[in-house]
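Enquirer: Each residue of the sequence shown is one higher than the last, beginning at 782 in the numbering used here.
You may find that some hints are simply not true.
Straight-line Cα separation of at most 30 Å, BS3-like style, residue types lysine-lysine; simulated pairs [as the list claims (entries may be wrong)]:
{"no.": "1", "residue 1": "K893", "residue 2": "K855"}
{"no.": "2", "residue 1": "K1014", "residue 2": "K1002"}
{"no.": "3", "residue 1": "K835", "residue 2": "K866"}
{"no.": "4", "residue 1": "K835", "residue 2": "K892"}
{"no.": "5", "residue 1": "K1002", "residue 2": "K943"}
{"no.": "6", "residue 1": "K1145", "residue 2": "K893"}
{"no.": "7", "residue 1": "K1002", "residue 2": "K1020"}
{"no.": "8", "residue 1": "K1145", "residue 2": "K1123"}
{"no.": "9", "residue 1": "K855", "residue 2": "K866"}
{"no.": "10", "residue 1": "K1144", "residue 2": "K943"}
{"no.": "11", "residue 1": "K855", "residue 2": "K892"}
{"no.": "12", "residue 1": "K943", "residue 2": "K1145"}
{"no.": "13", "residue 1": "K1123", "residue 2": "K1144"}
{"no.": "14", "residue 1": "K1002", "residue 2": "K1123"}
{"no.": "15", "residue 1": "K835", "residue 2": "K1020"}
{"no.": "16", "residue 1": "K1020", "residue 2": "K1123"}
{"no.": "17", "residue 1": "K893", "residue 2": "K1014"}
{"no.": "18", "residue 1": "K866", "residue 2": "K892"}
{"no.": "19", "residue 1": "K1014", "residue 2": "K943"}
{"no.": "20", "residue 1": "K866", "residue 2": "K893"}
{"no.": "21", "residue 1": "K855", "residue 2": "K835"}
{"no.": "22", "residue 1": "K943", "residue 2": "K892"}
Worth flagging that the hints you see were computed from the coordinates, not collected in a lab.
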Amino acid sequence: MLYSMSFEPFQGWYRRVLNEARTLVEAGCEVTLLAWDRSGQCAEEETIDGVRIKRFRIPAATNRGPINGINHLKYHRAVQAYLRKHDFDVVHCFNVDTMPGGLWAARRHGKKAVLDLCEPDYYRGFWNGRFQWALGGIDWFERTLARRFDHLFVHNTYQIEKFRRAGISRMTQAGSYPNRSMLADGVERPRTGTVVVGRLGTAYANNGFEELAAAFGRLLKRRSDASDGIQYKLRLAGKVFDDYRPTFMRLFEPLGDQVEVTGTFDVAELPRLYREIDISLLLYGGDSFGNVTPTKLFESMACGVPVVATAIGDVAQIVTEGCCGVIVDQNDPESICDGIEKLASDAQLRRTMAANARALAEKKYTWEAVQDDFLAAYRDL
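Let's have the full structure, built from the sequences with the hints guiding it.
Expert: See the structure below:
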């Protein structure tokens, strides 16, 4: 498996990679994950849950666009050198930046190659604005090379439609779903008289935090005259990017002690964090993330937390199907405020949606629910 990040499983976004590798190990395969340690702070070799990890220490910055081109070549040269010395049956490539080296190695040795695309539109929304011109070329490159792989694993229905238009039919949908161990035993929340509205995840520009601050401020003003005795608290958990921190503080400091910022957390803390909130906010501003289905949706559902979400990826379809939340306009603080208030003011509605969310997650949106499809694709190879 080729992965162009360092692979430290305690960070949540690696769950999909570890689940796939671990599933193959449990099925009797040997798996080696060839990772790119850009910071040089991880062990060069180790074994995690039966998965061998080999890291290449090649310094590079993150989200620097084409500036990292030379370092990408170094990573691919290291991968080629490793694969020349080790036998393998399949090269499993994660995302666009591993495609050329992985496909070349597989074909050179007469082996199979599969492509795993966690990001629906790779690099979009992350690269500096001056490199946006290159994204059309990346999209063309992705579609063209994807046709040469023996199988594709994709994250959401947007990708399925995208690659079908490119003439590709060999696909399996296996999203970045939580493990069944995250499923809530019960969905009843403590009755404290305070409704906790939570947003879990990294804070950076154009990711819905401006709209969230405006909407929650309106909610507090709107509810100040209410006589139901319910208090409201906004809890924000996750890393705040350094260049965004001044803006973040300017947005939320005026809301005073109604806002609680808890900072960076370990992925093992997720079940506890979800247990402590009544409503999960999934607000993503801007067009850059329009085709992403956030992992936090599936985590919220597994933990039995109803959502207030913007209609990105296939979020609206899933939330409507499961009757487990409210869809709002990502660009309209008034719409977001209405969505939060609809759930915050109706405890019975929250309980019903929480139960619906947990039931749908157990049926369709945990890794265990899709791992048989994942293995079936490998057996077909």
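Enquirer: Checking each numbered hint in turn, tell me which of them this model violates, lowest number first.
Expert: 5, 17 and 19
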